[in-house]
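Trainee: Top line first, the protein sequences correspond to chains A and B. Note that full-length UniProt numbering has the first sequence beginning at 1, numbered continuously upward. Note that full-length UniProt numbering has the second sequence beginning at 1, numbered continuously upward.
One thing to keep in mind: the hints can contain errors.
[Unchecked claim] Simulated pairs of lysine to any residue, SDA-like, Cα-Cα distance not exceeding 25 Å:
hint	chain 1	residue 1	chain 2	residue 2
1	B	37	B	226
2	B	147	A	72
3	B	147	A	117
4	A	283	A	230
Rather than coming from a laboratory, the hints here were simulated on the basis of the structure.
Now for the letters of each chain:
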Amino acid sequence: MSLEARHILEFPGGYTRTTGPVIGRFLTELRDGRIVGVRTADGRTLVPPLEYDPETGDAVTGDYVEVGPAGTVESWAWVHSPRAGHPLDRPFAWALIRLDGADTSLVHAVDAGDVKALRPGLRVRPRWRAGRTGHITDIESFVPEVTKIVSPVRTEYVMRPGLALARFLEGVAGGVFVGCRCGSCHKVYVPYRLSCPECGIAITEEVEVPDTGTITTFAINNLPDPRAPEVPFVSAYVLLDGSDVPMIALVGGVPAHEVRQGMRVRAVWVPEEERTQSMANIKWFAPTGEPDAEL
Amino acid sequence: MREVAVVAFAQTRHSATDEGQSEPELILPSLEEVRRKTGLRKYGFTCSGSCDYLAGAPFSFVSALDALGAWPPISESHVEMDAAWALYEAWVRLQHGDVDSALVYGFGKSSQGDLREIMTLQLDPYYLAPLGLDQVSYAALQASAVKADRARLDEIVRRSRADGRANPHALDLPDPAGEDFEVEPLRPYDIAPVTDGAAAVVLAAGDLARELCENPAWITGIAHRIEPHYLGMRDLARSASAAEAARAAGVGKGHVDVAEIHTQFSHEELILRQALELGEDTLVNPSGGPLAANPVMATGLIRIGEAAQRILDGGAARTVGHAAGGPCLQHNLVTVMEA
């Protein structure tokens, strides 16, 4: 059996360290919630302040300037599993942060939630500790600046469909597609409307068209929509037989990748007892199985 | 400048776990080996490198002297750094001209504590250490600044571990594998393994070197340079101090057959290759380097020893040994040796 002993190196209460005037000034300002840098003889601002200019070794000036508190992340390393001595107990980044007005970078922790939140140029601000004592950890960590907010919007309306659409929905309630024919160009429009958009004249002739048609074009949608049965779903232009202008509708009863231009479809109506004056009466258009139509 | 050469090098069979030896016990075999190789039992100067925080005890190098036989009293010194800097001190001592030989050794048992946290204690106590910034974290900040290509890092680790498996002194580590991060962007295998070990080098001047050894590894250039400590005052993607040290040591004055460089993290090889201006035809870390064995405080000395050994063995004409200290390659020492 091998002999082993636990050995702990610790100075109870911690070392007392004098700070000197330069580091002391920085820590004093930090306690007051300010970050200062010190000017070098050639006008650069060192943050955190050092007693000497690292480039020349000369003493720094007595000129202290407030910097930040915001800064820019220059580079970072992501800690997936924080250690006992780390400033945060959840994943975080170590970062080199160039505070506004500084010519050097401060090393500190950035609490960004996720490594994906970090990028060069990320703007961060200190999150101050409540009971500050004049210690580098008076800054608990830096956190990303606010660059976006979420604003809920909700306004309620009472909508009426207008005369033409009301007439069309009345037809849909009875399982019929109501269209109209222009007396000038003779085009048949579905849904029913009161004027011809090409000729600009009032339409008076009402026609009924069958619930079969041909897909002229379509789109496969991969984002959920409350009106769609499932994802992905297909929305298509369906040219109802006997009409001249296609109507937009859902396509169902067929795998999305099998939908094609020229496909013959028929409206699938909801059971009669469930019908209302609404497009919800048509569940979707489903393939008829007929050969494709020439477009 | 006085001619000084590495005339003998020895190192332990390094271990990933504490094998129960005290520090003097760890050092003794390497000391015995260089004594045997040179026939010398007394040296004009002795210098060692170690770190008290590894042992968790003050003046731990003092008890390690028991391995030397320091009676009658000897001329001795110590650096609380990698023993590569002890070698530098010994080289300077030999330049004085009144002694002709020096014994240099270094040792470290990093298995005794948590190296990742122990190295936090080397950081400044005002701005960095209180954050709990650990060694892997600050190295990861540097790896991130380098924007190193993952495939290149993987290749560095794969090559280093394969070379290490062929080196009887290094650890047997498998090829790198796994997608986990230690601290992103560093994966666990990008980090040098915890290692216990020691090493010893004998330096000799002029004719004594020629007497002691057939192919002395003459030190034709040696220099070290340091940068500001605070990470945010430096461009972490480059090592200006390694480049300056390499220029001062004269690395570029001739072809480098072999370079042993102190890479405790895979991305450091990219930085150091550039700083030392090593060409594609230079063999880098054929011993496996620190990624295959990292007895902290001896690792840098071993780089000089391994580079010297190529010349002692007659296989190389000009080699470079590099050592680093401080966070993110703050301090770099470069030694050029020639046959």
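Trainee: Could you work out which of the previously given hints the structure breaks and list their numbers from low to high?
Mentor: Violated hint (a single one): 1; every other hint is consistent with the structure.
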